[in-house]
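S.K.: Given next are the chains, with one letter for each unit.
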Amino acid sequence: MILSSADFTAMTISLKLGMVATILTLAIGSPLAWWLSRGQGLFRRIIGAIATMPLVLPPTVLGFYLLVFLGPRGPVGQLFDYFGLRLLPFTFGGLVFASVISSLPFVVQPLQNAFEALGELPLEAAKTLGASPTYAFFTVILPQARPAFLTAAIMAFSHTLGEFGVVLMIGGNIPDVTRVLSMQIYVYVEMGRTASAHVLSGILMAFAVVTMVLVQFLNPRRPSSSKAIRNPKE
Amino acid sequence: MKLSMKLAKLCYFCLILSFCLIFTPLAQAEDFNVAVAANFTNPALDIAAIFQEETGHKPVLSFGSTGNFKTQIQNGAPFVILLAADTKTPLELEEEGLGVSGTRFTYAKGALVLWSSTPGYVDPQGEVLKKNEFRFLAVANPDLAPYGLAGYEFLTKWGLLPALESKIVTGNNISDTFQVVNSGNAELGLIAWSQVCKDNTLSSGSVFMIPTDLYSPILQDAILLKNGSDSAAAKAFLDYLKTSPKAKEIILSYGYHLPE
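Order-wise, the sequence lines are chains A and B.
Using numbering that gives the first Met the number 0, the letters of the first sequence correspond one by one to residues 0 to 233.
Using numbering that gives the first Met the number 0, the letters of the second sequence correspond one by one to residues 0 to 259.
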């Protein structure tokens, strides 16, 4: 067998992390993107900028801040301590927390763009037909923004799988608990086991190519300008 | 209305499912967590394996950079032992009360070599450096890596630093530095002997063993951490690392020197 049991464990943790983090990021990112798309105020812009931060911060910086923030001396860590909960760093929950934060921009950006492109009209039309806002969101907005939701989910999932710096810092590279696929590769490189590193890297690479091609198909290019021009008399 | 209810239910289901997944306790080895400097990955795995065989205790090894581990230990990491790549970090942890005082010791000494991935490129006397006919010499960052600092000391002792300074490419750590040379991007590199030897003999390329009096000793220290002050297994592992002839044999075979 090319893959060892440690490889499978790392892969399982990665996939589980990817699924949980994607669901949670969508759950948090969708309302956030919706709210951001419904206004132009200063406050919204600031929150929008903060939600984009993980995209531009170096992963180790993000990981370091999360570690301090969630650790025993950090505000969240002390809150956890107060309620007698287990601290998040170096646990699977910590990986999830860190992955949600670092994947948030990958969900918020496409959704916000899609929501903004939809505009107010579909919602207003639904309202005149007597739809409640929740009903309108699920029956009008959701179907129309489906490609954006799929893109967001795929991006969040694949970004979580490929993430290294943040999860190394917050996870501590503990075998069977927080050692994800990218860390397993790192361990192989450190061991000088290049062949094993290549196999796992190849799997990640193939996965990344497939998902990014999928994203390309989900977001078809705008029709060329000649086709887009409509007959004004139509 | 029906559809919206269904979708809402689905969303709640997904949320609850994901929470359940988070809080599912993963099967955790009830034994002890050891933070190991990445350069010591291979010997640590071997020593852990025979230690487990002999005692039944299972050391769970995490690999990473010493600096990262320090930050993680300061922020509540579950490690009971640190096998550092330097002497500074264990000392600082002891001073901060995060390490158990009196448990620090040197478990291995690194050996610095001049290495090329091309066979025959480096002569046994290291004259290739003085000839200065190469494009790049890879050296680890002296501020971050003990091997980098040792490399600069050696170049200074040989009086080559001014001539070669513009040819030095800096690796973030000794592993990156090795990759730069191994991939042929730099013809030469000052790296660890442990990276290019197998059973203490050269495994590929060509090498100049730099005399140990040309650089300060690259000492790697271990320390028992506060979390492990009550762990008999952790203490036994440190003791094994320090005194067992088998552990010493493994350390030597991976190209490290033993502390005097």
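Check the hints yourself; a few may be wrong.
Among the chain A residues that face chain B by a calculated CB cut under 10 Å, a handful are [said to hold, decoys possible]:
| hint | residue |
| --- | --- |
| 1 | Leu66 |
| 2 | Val67 |
| 3 | Leu69 |
| 4 | Arg72 |
| 5 | Gly73 |
| 6 | Pro74 |
| 7 | Phe82 |
| 8 | Gly83 |
| 9 | Glu123 |
| 10 | Gly170 |
| 11 | Ile173 |
| 12 | Asp175 |
| 13 | Thr210 |
Since the hints were derived computationally from the structure, they do not count as laboratory data.
By construction, the Cβ of each residue, glycine as well, lies at the ideal position given by its N, Cα and C atoms.
S.K.: For each hint, tell me whether it holds in the structure or not.
M.R.: Hint-by-hint comparison with the structure:
no., hint, result
1, Leu66, "5 Å, holds"
2, Val67, "6 Å, holds"
3, Leu69, "8 Å, holds"
4, Arg72, "7 Å, holds"
5, Gly73, "8 Å, holds"
6, Pro74, "13 Å, violated"
7, Phe82, "14 Å, violated"
8, Gly83, "14 Å, violated"
9, Glu123, "18 Å, violated"
10, Gly170, "9 Å, holds"
11, Ile173, "5 Å, holds"
12, Asp175, "7 Å, holds"
13, Thr210, "20 Å, violated"
Hint check: violations occur at hints 6, 7, 8, 9, 13; the rest are consistent with the structure.
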